[in-house]
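Chemist: Can you build the whole structure from these sequences, using the hints too?
Residue numbers (the numbering used here), protein chains in the order written: chain W, 6 to 241; chain L, 6 to 241.
Derived from the structure by calculation, the hints contain no laboratory data.
It should be emphasised that the depicted structure is a prediction, and the values quoted were computed from it without experimental measurement.
A hint or two may mislead.
Derived DSSO-like pairs (lysine-lysine); straight-line CA-CA distance at most 27 Å [claimed, not checked]:
(1) W:K200 / W:K66
(2) L:K66 / L:K200
(3) L:K66 / W:K66
(4) L:K200 / W:K66
(5) L:K200 / W:K200
Estimated spans, in silico, between C-beta atoms of each pair [stated by the list, open to error]:
(6) L:S40 / W:S173: 42 to 48 Å
(7) W:Y17 / L:S173: 50 to 56 Å
(8) L:R25 / W:V165: 36 to 42 Å
(9) L:V155 / W:L117: 32 to 38 Å
(10) L:Q123 / W:D88: 52 to 58 Å
(11) W:L117 / L:V165: 18 to 24 Å
Idealized CB from N, CA, C, for every residue including glycine.
2 protein chains.
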Amino acid sequence: MNKRNEHIVKSYDEELARLRGEILGMGELALEQMSGGMRALREGDGALAEEVIAADARIDKLELEVSGDVLRLLALRQPMAGDLRGVLSSLRIAADIERIGDYAANVAKRSLALSEAQPRAAVNGLSEMVEFASGMLREVLDAYAAGDAVRALDVRDRDVDLDARYNSLFRELLTYMMESPSVIGTCTHFLFIAKNIERIGDHVTNIAENIWFQAEGELPADERPKGDNTNIPLTP
Amino acid sequence: MNKRNEHIVKSYDEELARLRGEILGMGELALEQMSGGMRALREGDGALAEEVIAADARIDKLELEVSGDVLRLLALRQPMAGDLRGVLSSLRIAADIERIGDYAANVAKRSLALSEAQPRAAVNGLSEMVEFASGMLREVLDAYAAGDAVRALDVRDRDVDLDARYNSLFRELLTYMMESPSVIGTCTHFLFIAKNIERIGDHVTNIAENIWFQAEGELPADERPKGDNTNIPLTP
Numbered sequence: 006m007n008k009r010n011e012h013i014v015k016s017y018d019e020e021l022a023r024l025r026g027e028i029l030g031m032g033e034l035a036l037e038q039m040s041g042g043m044r045a046l047r048e049g050d051g052a053l054a055e056e057v058i059a060a061d062a063r064i065d066k067l068e069l070e071v072s073g074d075v076l077r078l079l080a081l082r083q084p085m086a087g088d089l090r091g092v093l094s095s096l097r098i099a100a101d102i103e104r105i106g107d108y109a110a111n112v113a114k115r116s117l118a119l120s121e122a123q124p125r126a127a128v129n130g131l132s133e134m135v136e137f138a139s140g141m142l143r144e145v146l147d148a149y150a151a152g153d154a155v156r157a158l159d160v161r162d163r164d165v166d167l168d169a170r171y172n173s174l175f176r177e178l179l180t181y182m183m184e185s186p187s188v189i190g191t192c193t194h195f196l197f198i199a200k201n202i203e204r205i206g207d208h209v210t211n212i213a214e215n216i217w218f219q220a221e222g223e224l225p226a227d228e229r230p231k232g233d234n235t236n237i238p239l240t241p
Numbered sequence: 006m007n008k009r010n011e012h013i014v015k016s017y018d019e020e021l022a023r024l025r026g027e028i029l030g031m032g033e034l035a036l037e038q039m040s041g042g043m044r045a046l047r048e049g050d051g052a053l054a055e056e057v058i059a060a061d062a063r064i065d066k067l068e069l070e071v072s073g074d075v076l077r078l079l080a081l082r083q084p085m086a087g088d089l090r091g092v093l094s095s096l097r098i099a100a101d102i103e104r105i106g107d108y109a110a111n112v113a114k115r116s117l118a119l120s121e122a123q124p125r126a127a128v129n130g131l132s133e134m135v136e137f138a139s140g141m142l143r144e145v146l147d148a149y150a151a152g153d154a155v156r157a158l159d160v161r162d163r164d165v166d167l168d169a170r171y172n173s174l175f176r177e178l179l180t181y182m183m184e185s186p187s188v189i190g191t192c193t194h195f196l197f198i199a200k201n202i203e204r205i206g207d208h209v210t211n212i213a214e215n216i217w218f219q220a221e222g223e224l225p226a227d228e229r230p231k232g233d234n235t236n237i238p239l240t241p
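Modeler: Here you go:
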């Protein structure tokens with residue numbers, strides 16, 4: 006390889022590293038938004054909720070930057086095979102993180118609608134779901150940074166546990182609503198918040214599968230585990 | 006242009022046309038799934054619900070084919086500027102239609118959980134939402150087939166009306182739940198189904214913006230209209 010090619014290769018790697026950095030930055034921001042949104046809900050902190058809602062635009066902007074970088078990379082560098090997959094997966098991973106950001110902001114938005122975060126047991130259940138989902142996101146970002154496809158699939162397998170937590174909380178919320186019509190409004194918001202967090206787990210799963218795709222060139226062979234069982238008969 | 010270049014150009018156009026055809030096929034299937042899912046719910050037709058749930062895999066498969074075609078196109082043809090945008094937008098549009106398919110299948114899945122589709126007024130409200138959202142999807146697919154960016158943005162503007170229908174139905178459902186705890190289970194499913202249809206409108210909006218991006222090279226300047234107002238205080 007002559008000097009000139011070395012230079013081109015290095016510069017291309019730099020651009021890929023930049024893309025990776027942008028995506029990891031998006032992920033960090035999404036993690037902050039998740040904990041911020043949940044704290045705003047738990048503590049009834051309206052100012053924090055407004056901050057979280059406003060900060061969502063930063064994640065959206067980062068996603069646009071990633072898209073722009075991908076377009077530029079494809080146009081100028083015309084990457085092949087593994088590199089091409091890597092670049093396209095980045096686009097998908099950025100889209101998944103952007104959606105996670107939307108769900109986090111929606112938790113903050115819904116918190117503004119509640120006069121008090123009650124019943125407390127349900128709020129604790131939501132907090133635990135957020136912590137569990139944040140752990141999954143943190144882990145999948147680490148797998149992305151390390152390019153570790155096996156670790157990514159390990160994270161995917163944890164989604165069934167998040168779904169199990171969602172199923173339990175869903176049932177718990179229905180019982181509160183049946184016992185006391187006055188909490189129906191609040192618990193409806195809690196149902197949607199729980200669903201948001203369950204969806205965050207699905208997006209982490211997508212990210213994990215894209216890390217695998219990036220490394221292996223195909224989607225993982227085994228079916229992803231499915232764990233949302235709230236579609237069971239509920240009415241007499 | 007010599008004979009050889011003409012041949013290459015023609016073949017490239019054919020590949021783009023093929024991509025477009027696959028996406029329109031996905032769209033048609035999604036439309037069928039939306040009406041099938043809603044009919045299964047309205048008529049309590051479990052066999053139809055199962056069909057709709059099974060057919061979702063066909064849309065997923067088509068999305069994978071689109072992704073494969075895009076990868077191949079990028080690798081072999083290395084399109085520039087407008088063509089590159091077109092190819093990348095196709096990827097995004099396919100992802101949006103795939104999600105619409107998921108939401109339609111989820112309506113069918115939830116219909117299986119209901120022993121009867123009551124209260125009837127709420128079911129009618131859901132039917133009207135599905136019809137409205139289907140009209141939006143049909144129109145945005147026509148705009149895509151015609152490459153008509155202005156028409157696409159017209160469809161986007163209709164999303165506020167879908168959101169308004171969602172807001173009304175959301176409130177209506179809460180009143181049924183407060184009046185009669187025995188319908189809380191069913192109405193919770195209806196709340197999620199209404200939210201699914203509202204989300205379908207968001208995905209149609211994304212598709213419209215991608216058609217614009219494909220034609221103009223940038224996202225539409227004006228903010229998309231926001232109309233989900235169900236985050237208003239509901240509790241005393």
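Chemist: Does K200 (chain W) lie within 27 Å of K200 (chain L) when you go C-alpha to C-alpha?
Modeler: holds, 11 Å
Chemist: Kindly confirm whether 32 to 38 Å is satisfied by the beta carbon distance between V155 (chain L) and L117 (chain W).
Modeler: This hint holds: roughly 36 Å between Cβ atoms.
Chemist: Take the C-alpha atoms of K200 (chain L) and K66 (chain W), compute the straight-line distance between them, and say whether it is at most 27 Å.
Modeler: holds, 26 Å
Chemist: Holds or violated: 42 to 48 Å for the Cβ distance of S40 (chain L) and S173 (chain W)?
Modeler: Since S40 (chain L) and S173 (chain W) have Cβ atoms about 34 Å apart, the given range 42 to 48 Å is violated.
Chemist: Can you confirm whether the C-alpha distance between K200 (chain W) and K66 (chain W) stays at or below 27 Å?
Modeler: Holds, because 25 Å separates the two Cα atoms, which is no more than 27 Å.
Chemist: Is the gap between the beta carbons of Y17 (chain W) and S173 (chain L) within 50 to 56 Å?
Modeler: holds, 53 Å
Chemist: Would the hint linking K66 (chain L) and K200 (chain L) be met if the CA-CA limit is 27 Å?
Modeler: holds, 25 Å
Chemist: Lying within 36 to 42 Å: is that true of the beta-carbon distance R25 (chain L) to V165 (chain W)?
Modeler: Given a distance of about 38 Å, which is inside 36 to 42 Å, the answer is holds.
Chemist: Taking the CB of L117 (chain W) and the CB of V165 (chain L), does the distance hold inside 18 to 24 Å?
Modeler: Between L117 (chain W) and V165 (chain L), where Cβ atoms are some 21 Å apart, the hint holds.
Chemist: If I claimed the Cβ atoms of Q123 (chain L) and D88 (chain W) lie 52 to 58 Å apart, would that claim hold in this structure?
Modeler: holds, 56 Å
Chemist: Has the given pair, K66 (chain L) with K66 (chain W), been kept, meaning a C-alpha gap of at most 27 Å?
Modeler: violated, 31 Å
Comparing the model with each earlier hint shows violations of hints 3 and 6; every other hint is respected.
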